[in-house]
Amino acid sequence: MMLGWTDHLIAAPILLPLIASAVMLLLKEQRRMAKNVISLVTVAVLFAIALALLLRVIDMGFAGQTVTRAYLLGNWPAPFGIVLVIDWLSALMLVLTSILGITSLIYALARWDRAGPRFHALFLLQLMGLNGAFLTGDLFNLFVFFEVLLAASYGLMLHGSGAVRVKAGLHYVTINIATSLLFLIGVGTIYGITGTLNMADLATRIPQVSGTDLALLQSGVAVLGVAFLVKAGMWPLGFWLPGTYAAAVPPVAAMFAILSKVGIYALLRVYLLLFGGEVGWAANFGEEWLLFGGMATIAFGTIGVLAVRTLSRVAGYCVLISSGTLLAALGAGEGAVLAGVLFYLVSSTLGVSAFYLLLEMVERQDEDAGVQAVVEPVFDDEYTSAIVEGEEDEVGIVIPATIAILGGGFIFCALLLSGMPPLSGFIAKFAIIHGLLGLEHTIAQPIWWLVALLIVSGLATLIATTRAGIDLLWTPSDRPHPALRIGEAVPVGLLLLVCLGLMVFAGPAMWYMERTGQSLQDRQGYIGAVLGAERAGPVEGAQ
Amino acid sequence: MELILALGIGVFTGSGVWLILRPRTFQVIVGLSLISYAVNLFIYAMGRLRVDAPALVGSGAVTDPSSYSDPVPQALVLTAIVISFAMTALLLVVLLASRGLTGTDHVDGDDGE
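Residue numbers (this note's numbering), protein chains in the order written: chain A, 1 to 543; chain B, 544 to 656.
Hints are computed from structural coordinates only; laboratory data are not their basis.
Beta carbons: idealized from backbone N, C-alpha and C, even for Gly.
Honestly, I wouldn't trust all of these hints.
[Unchecked claim] Some chain B residues judged to face chain A by a derived CB distance under 10 Å, without partners named:
no. : residue
1   : Leu575
2   : Phe585
3   : Ile586
4   : Asp595
5   : Ala623
6   : Gly643
Given these sequences and hints, build the entire structure.
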């Protein structure tokens, strides 16, 4: 089989940022212009590629073809070689990642990329890890790409240095290394029992496991699940999350908004593929854990969001609430709520990301916020250009309209995160609740609790953000208005515009999410597409 | 052999978990390293323990697959070793930075004094 150039496009979201960040390392820190241009071009091209892949998926979906495509790296047949797989979900996540990549990068270029060395290289590697995790078709590569994105995120987490960040970073790195070891134990056990790590191959083999192997396999899968849930921030595994995200510099925190969603993605992919079957022990293995764990996470996030005083922590608890909502809905409803879950995933990721970017601008008048203080570098290698405090007074434009723009953006974010009408957050929550209530004729008790929790968490988010908003925006203050730069306002505007687009074009977006949900449930389609992928070119010695 | 390996993995993991829960950063690093050794051995053991069985197939025809040991876990272990080694190195740097900034080796940067 010959491959067209569009087939090779699948590998580009991984290769491009890798190459770009390698080039970046060769450039001296002082050549900022070159670095800025390279990263901007890279993220722009990444966005174009992701969009091209998405459009191709939609085209093929309309034409009624199977959308799932496997790309055989090294041209080895599927269960033996490494595969990249693109389908509805992967294409969606790629586009989401590249949108966050563009906006966070533009925001960082305004000021924050100078707060420490090698920001651009790490940022691009982070994108590579994310794209790889969304594209890979086997468990061990999922681990490798997790490590790539985590390694980059360790660097980004510490970007800007300072005692607060280093302390939070130390906890973050330790927790994630321990989690990665759990991931490995899970993967090792699964391999020991089934003899494969290719997800499609696993899906065919897992239902056949029985006897004493079954207990081992189940514990392996459970350990793997714990690893995913730590990333997703499920209670009681997610205590690290709000503090860590609050300590990171804003553009990094905005990028981290999708990091917890990687855990959710891994669950969606692995859980639905391996345990979405109709019969046997594998059918919905452990769904009650997702449901009740998710509900506990929502409750914890709700209490947290009301309890904390700083905005960056409010945003952190919003991340937890959104993770909890996704987990609980996934555990409660299987297929019926998938479209709503995916819609919520996209909308809440964009909303939280915009919120992280926005709140730093809003809080800038509050200069004693310790985290934002710029500190001396710990290691002085070639790194010379720390942000000079006071620089912003020269560059920033102080206009009365700033507070109006910030306030407008803030209200927009608050409505989005709390799920109030008419924004996309509401549509997403409505779709989830509608799906949950339409599951069966008699609605089980836990489902009622979940629906109540969803609504209460929205209310709590609204209260918390309103309180903070009144404090920061309405209270008369002697301090000068925060300076607003175009480079910082534009990315927030872009993110909110995408959310607005999700609201206006809710119909087509929902159609896409529904198709994604269907494809996630069509396990045979995925298995067939991956294991049946033909090798490219003339193959010698074919069986 | 199985017993020794199992005991080794158990001892590594047990000591590692205990060390991770200690309040000093260096203990945490050593603990993580010990657990990563245990995990590496565990992955290796998941390919089943075999003596005198090569993992590589020679250029001649494969006569009997059962006379070879499973090469995949060995490849996985290599990757896992490299990754955990890199992560430990990175954590060491963070440890030093934390020590430099806070003046203590407590994991919370504060001895509670």
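Hints, one by one, checked against the model:
1. Leu575: holds, 5 Å
2. Phe585: holds, 5 Å
3. Ile586: holds, 4 Å
4. Asp595: violated, 21 Å
5. Ala623: Interface hint status for Ala623(B): holds (6 Å vs cutoff 10 Å).
6. Gly643: Since the shortest Cβ distance to chain A is 6 Å, the answer is holds.
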